[in-house]
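**Student:** Each chain, written out:
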Amino acid sequence: MIPLSWYLVFSAALFSIGLYGVLARKNAVAILMGIELMLNAVNINLVAFWRYRTPQMIGGQAFAVIVFAVAAAEVAVGLALIISVYRRRDSVAADEIDLMKW
Amino acid sequence: MTTNLLIWLIPLPPVLAFFLIVLFTNRSKTLSHTIAVGAALLSWLASMIVIFQAINTDKFGLHPFTSSIPWLPTGTTYLRIGVLVDPLTAVTLFFVAWTVLMIFIYSVGYHNFGQPKGDHDRPGLQPHGANISDPQGFKHRVLSIEPMYSRFFAFIALFAFGMYTLVVSDNLLTLFIGWEIMGLCSYLLIGFWYAKPSARAAMIKAFLTTRVGDVFMLLGIAYLYTATGTLTYRVIFSQPVLNTLVNTSSGFFGLSAAALIGILLFIGTVGKSAQWPLHVWLPDAMEGPTPVSAMIHAATMVSAGVYMVIRMFPLMSAGFQPGHLTPPMMAMAVIGTFTAIFAATIAVAQNDIKRVLAYSTISQLGFMIAALGIGAYVAAVFHLVTHAFFKALLFLGSGSVIHGVEHGVLHTGEEIDPQNMFNMGGLRKKMPVTFWTFLIGGFALSGFPILTAGFWSKDEILADSFAHALPVFIILALAAFLTAFYTMRQITLTFLGKARTESAHHAHETPWTMTLPLVVLAIFAVAFGWSGINKEFPLLGGLLPNFIHDFVGSTLAELPEELVFSYIPLLTSLVVALGGLFLGWWVYRDYKAGEVDPVQKALGSVYTVLKNKYYFDELYDTIFVRPAVWMAVIFSSLWMDRKVIDGILHWFAHITGVIGSFLRNAIDKPIINGTADWVGDTTKKIGSLFRTIQTGRIQQYMILALVSFAAFSALFYYLLILAH
Amino acid sequence: MTPVQILFIVVAAMTLGAALMVVSSRNLVHSALWLIVSLFGVAVFFALLQAGFLAVVQVVIYIGAIAILFIFVVMLTRKIAQDSGPRFNENWVWAIVVAVVVFAALVWILMGWQGWSTQLAPLGPAADPLRELGIALVSPNAYVLPFELASVLLLAALIGAVMVAWERK
Numbered sequence: 616m617i618p619l620s621w622y623l624v625f626s627a628a629l630f631s632i633g634l635y636g637v638l639a640r641k642n643a644v645a646i647l648m649g650i651e652l653m654l655n656a657v658n659i660n661l662v663a664f665w666r667y668r669t670p671q672m673i674g675g676q677a678f679a680v681i682v683f684a685v686a687a688a689e690v691a692v693g694l695a696l697i698i699s700v701y702r703r704r705d706s707v708a709a710d711e712i713d714l715m716k717w
Numbered sequence: 064m065t066t067n068l069l070i071w072l073i074p075l076p077p078v079l080a081f082f083l084i085v086l087f088t089n090r091s092k093t094l095s096h097t098i099a100v101g102a103a104l105l106s107w108l109a110s111m112i113v114i115f116q117a118i119n120t121d122k123f124g125l126h127p128f129t130s131s132i133p134w135l136p137t138g139t140t141y142l143r144i145g146v147l148v149d150p151l152t153a154v155t156l157f158f159v160a161w162t163v164l165m166i167f168i169y170s171v172g173y174h175n176f177g178q179p180k181g182d183h184d185r186p187g188l189q190p191h192g193a194n195i196s197d198p199q200g201f202k203h204r205v206l207s208i209e210p211m212y213s214r215f216f217a218f219i220a221l222f223a224f225g226m227y228t229l230v231v232s233d234n235l236l237t238l239f240i241g242w243e244i245m246g247l248c249s250y251l252l253i254g255f256w257y258a259k260p261s262a263r264a265a266m267i268k269a270f271l272t273t274r275v276g277d278v279f280m281l282l283g284i285a286y287l288y289t290a291t292g293t294l295t296y297r298v299i300f301s302q303p304v305l306n307t308l309v310n311t312s313s314g315f316f317g318l319s320a321a322a323l324i325g326i327l328l329f330i331g332t333v334g335k336s337a338q339w340p341l342h343v344w345l346p347d348a349m350e351g352p353t354p355v356s357a358m359i360h361a362a363t364m365v366s367a368g369v370y371m372v373i374r375m376f377p378l379m380s381a382g383f384q385p386g387h388l389t390p391p392m393m394a395m396a397v398i399g400t401f402t403a404i405f406a407a408t409i410a411v412a413q414n415d416i417k418r419v420l421a422y423s424t425i426s427q428l429g430f431m432i433a434a435l436g437i438g439a440y441v442a443a444v445f446h447l448v449t450h451a452f453f454k455a456l457l458f459l460g461s462g463s464v465i466h467g468v469e470h471g472v473l474h475t476g477e478e479i480d481p482q483n484m485f486n487m488g489g490l491r492k493k494m495p496v497t498f499w500t501f502l503i504g505g506f507a508l509s510g511f512p513i514l515t516a517g518f519w520s521k522d523e524i525l526a527d528s529f530a531h532a533l534p535v536f537i538i539l540a541l542a543a544f545l546t547a548f549y550t551m552r553q554i555t556l557t558f559l560g561k562a563r564t565e566s567a568h569h570a571h572e573t574p575w576t577m578t579l580p581l582v583v584l585a586i587f588a589v590a591f592g593w594s595g596i597n598k599e600f601p602l603l604g605g606l607l608p609n610f611i612h613d614f615v616g617s618t619l620a621e622l623p624e625e626l627v628f629s630y631i632p633l634l635t636s637l638v639v640a641l642g643g644l645f646l647g648w649w650v651y652r653d654y655k656a657g658e659v660d661p662v663q664k665a666l667g668s669v670y671t672v673l674k675n676k677y678y679f680d681e682l683y684d685t686i687f688v689r690p691a692v693w694m695a696v697i698f699s700s701l702w703m704d705r706k707v708i709d710g711i712l713h714w715f716a717h718i719t720g721v722i723g724s725f726l727r728n729a730i731d732k733p734i735i736n737g738t739a740d741w742v743g744d745t746t747k748k749i750g751s752l753f754r755t756i757q758t759g760r761i762q763q764y765m766i767l768a769l770v771s772f773a774a775f776s777a778l779f780y781y782l783l784i785l786a787h
Numbered sequence: 002m003t004p005v006q007i008l009f010i011v012v013a014a015m016t017l018g019a020a021l022m023v024v025s026s027r028n029l030v031h032s033a034l035w036l037i038v039s040l041f042g043v044a045v046f047f048a049l050l051q052a053g054f055l056a057v058v059q060v061v062i063y064i065g066a067i068a069i070l071f072i073f074v075v076m077l078t079r080k081i082a083q084d085s086g087p088r089f090n091e092n093w094v095w096a097i098v099v100a101v102v103v104f105a106a107l108v109w110i111l112m113g114w115q116g117w118s119t120q121l122a123p124l125g126p127a128a129d130p131l132r133e134l135g136i137a138l139v140s141p142n143a144y145v146l147p148f149e150l151a152s153v154l155l156l157a158a159l160i161g162a163v164m165v166a167w168e169r170k
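Protein chains in written order, with the numbering used here: chain D, 616 to 717; chain Y, 64 to 787; chain R, 2 to 170.
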């Protein structure tokens, strides 16, 4: 009843919204939130493909599990970095962290 | 060694002497003159041997000594050069060898060998005395040794080489080589005292004037070679060749080839033997030392000019019909006769002892050339030989006189010209040997009968001219009269009477090195004439064979016939000789110091013209010298060289500068530099522009990356997928 | 319109709306909370796709750990969260363009794929995805290695985070 296309469109939309958040938000934490959205969209995609195309291959879900783990690790490190940067520079605005410029 | 080899070796010792002196012995005066005199002696010895053998050869004229080698490769043949001793050469060698040797010995004394070095003497100036003190402490000035002693001997040795080469050569090429070497030595020796401005001017004048003659002579030689393909005398004088030359037309003035060549060669003689109009250099050449004047300008070099036309006589007279002179002979007769009388008139008004002798030389050479011009071959040769002896004698004698007077000048400190005859007088008693030898020479020049060689040779010329060309006879007789007159004038003023100046009073005889040659030459001046006595001469004819006539005459293909004896020329020559001598003595016998010259009194304004040599020097100066100088200084140097050529060069430089600065400022700086700078600047600007991309803000990098990715994906999608 | 479809649409709308609020909320704490809503919606989808284990893991890990972590960090960087200022940087227009383009491109490319309209195939009575997943994650023939590596990764991340955020005196 629900074709695969609905899931795909949904995950594409969620991905785009996450992308927008990454590109447009000033606050670094907000950027990380956008990244989380994108990862979630990816997960949806993976599981949808697993269920619709190859339900017998459990690799789809396994992949999604690994993605969970990676996302968690990445958030942890990222937030640690943000805290470190905040301590040094008193700011978490992404466009104020621009030392590696011309 | 064979005679031919000996002939080749005759010119060798003097040139060796030249090189040895120049390269090695220049510092040692003794060594230099020893080498030079030794070389002259060797050449003299070789010449005497050759002449002896020549005389002893039967019919020598038909079998002369010849030897030649191929020398210049010219396509298929060789130009041959070599030596030839025929009767003419033998006689010429005789007087050349003797006069050269005598003059070399004389030079040792003339340049005061053995005297101390002068206190202010410098190379390039005449030596003027050294102060010496007697054992008693008495100081006086004496003649000092010539500073450039060795140089003199080197040059006269080179000159002797040139003369010997000219005499023994068998072709016109080596003759011309000897001719030019002598011209060079004449130049060097006239200007021997090169620090004197008058000597420098004289040396250039001599060289350039003879050069004019030499150019025409070279043209003649070139034409001869082109017409015949050879320069060897014996080939040219063969009948077929002469006939060809006579019958070919040269294209100029209707002359045949033989005539044109003859005239061109004769012009060479006009220059070298100082005939009118190229006579102007010889009197000025008296600036050189007296041995030079004797050797070069009396005995040998000027004689070489006459020798050459005598040698080329078969060519000059090719096509001769009796009573009808060929063009070269006509030219010779006219110029010779004119020069004889012309120079004799000038000599009458000269005061310098050497100048008189110089004009006398010009006049006597005119006699010889006139004789040749009318076909008196033997007479010309005879007079050439006798003239060499007595003219050399006269010049050497004058040198001795000048030395004596100079001694007096140094002794007394007077400032007079030691060469001016009017400052002399009474030297008969002070310098006896010089006096007697000079007297013999002067009498020979005047043609004093019987006892002097000059009589016999001059009489021969007068006889020949009487028989063949009466106008020539009359003019030559007149010239002979003037010759006797000015000679006696010279002798009287110099030797007779009383000393007119203190210096003349204190003159004394010169050393043996100078008087010995005078004596030897005087012997020849007396005795040589007896070798040419005409068979029909009253009383004396027939006593001795007419050696000159037989021997020299055999040089020509046909022996010239001996003249029919006539009393008229004999009487004329006696009258002019004795009359002129008497008149010269009589006018000047009572001359006292300070008086006006009697000749000047007699001739008035004519005297001034004569004294100024008919203003020929001034004429040549205006016609030739000034335009040449103008051409050189104003036209060539100033206008052409500095204004036009330099102007063009400067213009080029200016244009180059203009172009250069244009290229630099209009092209190099704006365009090339500009482009390079523009590239650099633009790169910097683009760089500056692009580096703003690196903001350090990650989000912007991401946006950029995603946009580029989208764009490229679209592009590739279009190209790769849709285009299929 | 079957009920499942309606449910799908509702949950999708909720999730997307929450996501929009996440990226555009001025207050960071609000963003974090909206993120929780969004993550919950994703969990529902997991459940719809019969990946029950993942749905639970999503809730526990993402919402329980990660979102909480976000809230902690927001607290720790409070000073900045207070003064809001503009929440979007200067390139927000480009960001919108990029996002839209990416979405459109993805959809458009996928529409050309032949599996676009795959329908749901029933799993079958004996299929037990959970059990299979469990076995797969620890089976040497399957995915035990990535699984172990993932745990090493997490260890590394843990140590790294501690090191980075360690406050030096």
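Any given hint could be a false lead.
Partial list, computed: chain R residues near chain Y (C-beta under 7 Å) [to be verified]:
(1) 72
(2) 89
(3) 102
(4) 115
Below, simulated DSS-like cross-link-like pairs (lysine-lysine); rule was C-alpha separation at most 30 Å, straight line [stated by the list, open to error]:
(5) 202(Y) to 716(D)
(6) 732(Y) to 706(Y)
(7) 561(Y) to 655(Y)
(8) 202(Y) to 259(Y)
(9) 674(Y) to 664(Y)
(10) 259(Y) to 716(D)
Everything labelled a hint here was simulated from the structure, so no lab data went into it. Every value quoted in this text rests on a predicted model; they were computed, and no experiment measured them. Glycine included, every Cβ here is placed at the ideal spot set by N, Cα and C.
**Student:** Take the hints in turn and mark each one as holding or not.
**Tutor:** These are the hints, each one checked on the structure:
Taking 7 Å as the C-beta cut-off, the interface hint given for residue 72(R) is violated, the closest approach to chain Y being about 23 Å. For residue 89(R), the shortest C-beta to C-beta distance to chain Y is roughly 10 Å, which exceeds 7 Å, and the interface hint is violated. The interface hint given for residue 102(R) holds, since its Cβ lies 5 Å from the closest Cβ of chain Y, which is under the 7 Å cut-off. At its closest, the beta carbon of residue 115(R) sits 15 Å from a beta carbon of chain Y; the interface hint therefore is violated under the 7 Å criterion.
With a CA separation close to 112 Å, the supplied pair residue 202(Y) and residue 716(D) exceeds the 30 Å bound. For the suggested pair residue 732(Y) and residue 706(Y), the alpha carbons sit about 35 Å apart, so the restraint of at most 30 Å is broken. Only pairs whose Cα atoms come within 30 Å are accepted, and residue 561(Y) paired with residue 655(Y) is accepted, the gap being roughly 8 Å. For a cut-off of 30 Å, the pair hint linking residue 202(Y) to residue 259(Y) stands: about 29 Å separates their Cα positions.
Distance check on the hinted pair: residue 674(Y) and residue 664(Y) sit about 13 Å apart at the alpha-carbon level, within 30 Å; holds. Our distance criterion of 30 Å between C-alpha atoms is broken by residue 259(Y) and residue 716(D), whose separation comes to about 96 Å.
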